[in-house]
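S.K.: Each protein sequence line maps, in turn, to chains A and B.
Counting in our numbering, the first sequence runs from 1 upward without gaps.
Counting in our numbering, the second sequence runs from 1001 upward without gaps.
None of these hints come from the bench; they were simulated from the model.
Errors might be hidden in some of the hints.
When the alpha-carbon atoms are kept at most 27 Å apart in a straight line, the in silico DSS-like pairs for lysine-lysine are as follows [as the list claims (entries may be wrong)]:
1. Lys1453/B with Lys1418/B
2. Lys111/A with Lys1398/B
3. Lys1100/B with Lys1186/B
4. Lys1186/B with Lys1153/B
5. Lys51/A with Lys1398/B
6. Lys1344/B with Lys1298/B
Derived Cβ-Cβ restraints for the label pairs, each shown as a range [what the hints assert, rightly or not]:
7. Leu50/A with Thr1140/B: 57 to 63 Å
8. Glu1364/B with Gly81/A: 40 to 46 Å
9. Glu149/A with Ala1290/B: 47 to 53 Å
10. His62/A with Gln1064/B: 23 to 29 Å
11. Glu149/A with Asn1308/B: 50 to 56 Å
12. Ser1022/B with Gly115/A: 38 to 44 Å
13. Gln1064/B with Met150/A: 29 to 35 Å
14. Gly1396/B with Leu50/A: 54 to 60 Å
15. Ala174/A with Arg1132/B: 54 to 60 Å
Non-contacting residues of chain A with respect to chain B, defined by C-beta distances greater than 12 Å in every case (computed) [stated by the list, open to error]:
16. Tyr47
17. His62
18. Gly87
19. Ile88
Yeah, the Cβ is synthetic: ideal placement off N, Cα and C, and Gly gets one too.
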Amino acid sequence: MSDLSRRHFLKLGACLAGGACAGTVLPMAEASQEAKEASTLTTTLPYPRLKLVNISELEIRHEMRLTYPDVDSPISLIKFGTRILHGIGPEGDIVAFSRYCTHMGGHLQFKADTGAFHCPLHFAMFDAQKSGLMVIGQATDNLPQVELEMDDRGDIYAFGVKGLIYGRQANVLA
Amino acid sequence: MSMISHGEDRVPIPPADAQHYSTVCSYCIVGCGYKVYKWPLGKEGGPKPHQNALNADFSKQQPQRSGNWISSAMHNVITERNGTRFNIVVLPDRNCAVNKGNHSVRGGTHGDVLYAPDRPTADRLTSPFLYRGGHQLPTTWEEALTFGARIIKACLDTWGPDSIAMKCFDHGGGGGGFENNWAVGKFFFTGIGTQMASIHNRPAYNSEVFAAGDAGLASLPASYMDAQLADTIVLIGANSYETQSIYFLEHMVPNLSGETLAFKNATLPGESHAPAKIIIIDPRRTATVAVAEAVAGKANVLHLQINNGTDIALLNSLSRLIHERGWHDQEFIETRTDNFEEFKAKNLLQDLDHTLRLTGVLGEQLLMAAEWIAKPKSDTHRRRTLILYEKGLIWGLKNYENIASVVDLALLTGNLGKPGTGCSRLGGHQEGYSRPRYPGTRPPINVDDVAIKGEGSKIFWVAGCNPVGGTLNAQPFRLSLERRTSIVNQALNSVSGGSEEDRIQAVLTALEKGVFF
Ligand code: SF4
Ligand code: FES
Chain A
1 MSDLSRRHFL KLGACLAGGA CAGTVLPMAE ASQEAKEAST LTTTLPYPRL
51 KLVNISELEI RHEMRLTYPD VDSPISLIKF GTRILHGIGP EGDIVAFSRY
101 CTHMGGHLQF KADTGAFHCP LHFAMFDAQK SGLMVIGQAT DNLPQVELEM
151 DDRGDIYAFG VKGLIYGRQA NVLA
Chain B
1001 MSMISHGEDR VPIPPADAQH YSTVCSYCIV GCGYKVYKWP LGKEGGPKPH
1051 QNALNADFSK QQPQRSGNWI SSAMHNVITE RNGTRFNIVV LPDRNCAVNK
1101 GNHSVRGGTH GDVLYAPDRP TADRLTSPFL YRGGHQLPTT WEEALTFGAR
1151 IIKACLDTWG PDSIAMKCFD HGGGGGGFEN NWAVGKFFFT GIGTQMASIH
1201 NRPAYNSEVF AAGDAGLASL PASYMDAQLA DTIVLIGANS YETQSIYFLE
1251 HMVPNLSGET LAFKNATLPG ESHAPAKIII IDPRRTATVA VAEAVAGKAN
1301 VLHLQINNGT DIALLNSLSR LIHERGWHDQ EFIETRTDNF EEFKAKNLLQ
1351 DLDHTLRLTG VLGEQLLMAA EWIAKPKSDT HRRRTLILYE KGLIWGLKNY
1401 ENIASVVDLA LLTGNLGKPG TGCSRLGGHQ EGYSRPRYPG TRPPINVDDV
1451 AIKGEGSKIF WVAGCNPVGG TLNAQPFRLS LERRTSIVNQ ALNSVSGGSE
1501 EDRIQAVLTA LEKGVFF
């Protein structure tokens, strides 16, 4: 098996573990390699670069409700206080996700105690500390994660979304 | 296939003139409907309704449950034999009465799991393997087939048809179904004529719930509508949020939440209706329990967290309690059943205190379960209870007695053949079942037991299943298989440099002592 197909094989294995598709399946080294690959994904969509908030306005584990890439796409931005997968900022703890469930578009609720997004429609659950990984539920994709960067002044910008937002053919509407 | 993270930020949409087909999910027996769209690679539908086959306006955000969102997992690109490439989208059918556009984590990935040479599904076993010098090495189909066929023929001639045992999948659905099942039956039953047959997840060639069949019940006597109409739903050894997900989400959950009340009143007038209550019998606190509590409120969910293997005591105690309180269905018993006296003398004598000790369930929980199952709603109306069970009840050394006691409970309370009632499995996979008749006796031979005892068959043909994972007495079975196959491997190793003839002779000599895979 080539390196590439071996990696694919591991991916396949991870998913076939079924409901247990929770991040523990891949050893850490594999997981970070996967992550690097996914983030180099090239997009042809004209994402706007939008300032969302300044880091000084964020409270730990408190969800900030915003929209991106347009007003019809609700997102939540959270600063966790401890380093998490794909977090940005000085502590690597800031992430933002689409608030539409990737199952059938339920309006997700973030719960600080679980650190996850919960869907009231069919009870899917997505872990915000693991790059939006579905913990349980009937969705077939992780929660789309907003790509963020921070400048010297602490202003946090969104410049893309990884993963398809529910209810769209393309993340940036035609 | 995804690691459930595709990363893509757009999907192609089918153009208005895309080919489209209706189909059914290839995974479980719930049978959710799907629409398949197929169109040439390089072409795409536009975002305006008239520009795409879904008639949807993708220049706008779609509302929740729109039923026309294509997730990345629903799309793939396939290559036909002549090299032409096509986009494929497999979308849950919003007009299907079963799923209404909903899908489970399995059904939502029909696109992902299609074979594509440039995706992980390309990792396939494409050539047969033969033991050589202690390793399984790839070989040609021709060599493998000749080798296998000659050994089978030699066994058949020397020891007769029962020297060839088999355990084969009988999955229908995706990629086979009728054709697979028919070919397997034709080969083993018509061609070889062996009785040593068993199905992928059981030790013999029988129904998984033959006690229900013996009691005269059809395999699936309830419809999804019954789940919408029931006063009480009982789930035993089943985690239906995660398996049979759409049956649970689209047909049970709306009854638990009260969403089907108007339908209940209209369909069954003249009796009182309320949102359904649910009893979940499972040693584990499952996702199904959590979801049921969230939907129905804790007061309407009774989770009997019994100790492993205590189903029979629990179910017979419920029967006893119900009978003692006079909540049984006398008319049904008289007109529809026989052997009631025998049932009374056996099941209804179950000691209740003993049951509480065995199961770990509290007395008030037991009584509450009896009430929810059978306490009449009024002088004129019985409760409508739908009893559904799965592997937790089916799989165990007491399979027959487990199923018999749940069927007896349903018969005692008249919960069969009326709207909102029923007693059956939730159901497994799609079957597409069609085979020539099994040539053996009834009840059929327990093939795994024969293997454990070291008797009988010389060849054990295993296809599409893990024989040790699906048997009742796993460890002795595993050890027996290991011991007997290693004899053959040793024989093959001893002639690893030899001709095909040498190898066949070596195997046949070894078969005098062991079993061959
Ligand atoms: S519940 Fe899931 S696996 Fe079963 S038929 Fe429906 S979509 Fe397929
Ligand atoms: S829409 Fe979120 S779980 Fe179904």
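S.K.: It remains to establish, for every hint, whether it holds in the given structure.
M.R.: Quick rundown of the hints versus the structure:
1. Lys1453/B with Lys1418/B: violated, 46 Å
2. Lys111/A with Lys1398/B: Not OK: lysine 111/A and lysine 1398/B at ~43 Å, beyond 27 Å, violated.
3. Lys1100/B with Lys1186/B: Between lysine 1100/B and lysine 1186/B the Cα gap is close to 38 Å, so the pair fails against 27 Å, i.e. violated.
4. Lys1186/B with Lys1153/B: With Cα atoms ~16 Å apart, lysine 1186/B and lysine 1153/B stay inside 27 Å; holds.
5. Lys51/A with Lys1398/B: violated, 64 Å
6. Lys1344/B with Lys1298/B: violated, 34 Å
7. Leu50/A with Thr1140/B: 57 to 63 Å: Between leucine 50/A and threonine 1140/B, where Cβ atoms are some 60 Å apart, the hint holds.
8. Glu1364/B with Gly81/A: 40 to 46 Å: holds, 45 Å
9. Glu149/A with Ala1290/B: 47 to 53 Å: violated, 38 Å
10. His62/A with Gln1064/B: 23 to 29 Å: holds, 25 Å
11. Glu149/A with Asn1308/B: 50 to 56 Å: holds, 53 Å
12. Ser1022/B with Gly115/A: 38 to 44 Å: Given range 38 to 44 Å: holds, Cβ gap about 41 Å.
13. Gln1064/B with Met150/A: 29 to 35 Å: Cβ of glutamine 1064/B to Cβ of methionine 150/A: about 32 Å, so the range 29 to 35 Å holds.
14. Gly1396/B with Leu50/A: 54 to 60 Å: Since the Cβ atoms of glycine 1396/B and leucine 50/A sit about 58 Å apart, the hinted range of 54 to 60 Å holds.
15. Ala174/A with Arg1132/B: 54 to 60 Å: holds, 59 Å
16. Tyr47: violated, 9 Å
17. His62: holds, 24 Å
18. Gly87: holds, 16 Å
19. Ile88: holds, 18 Å
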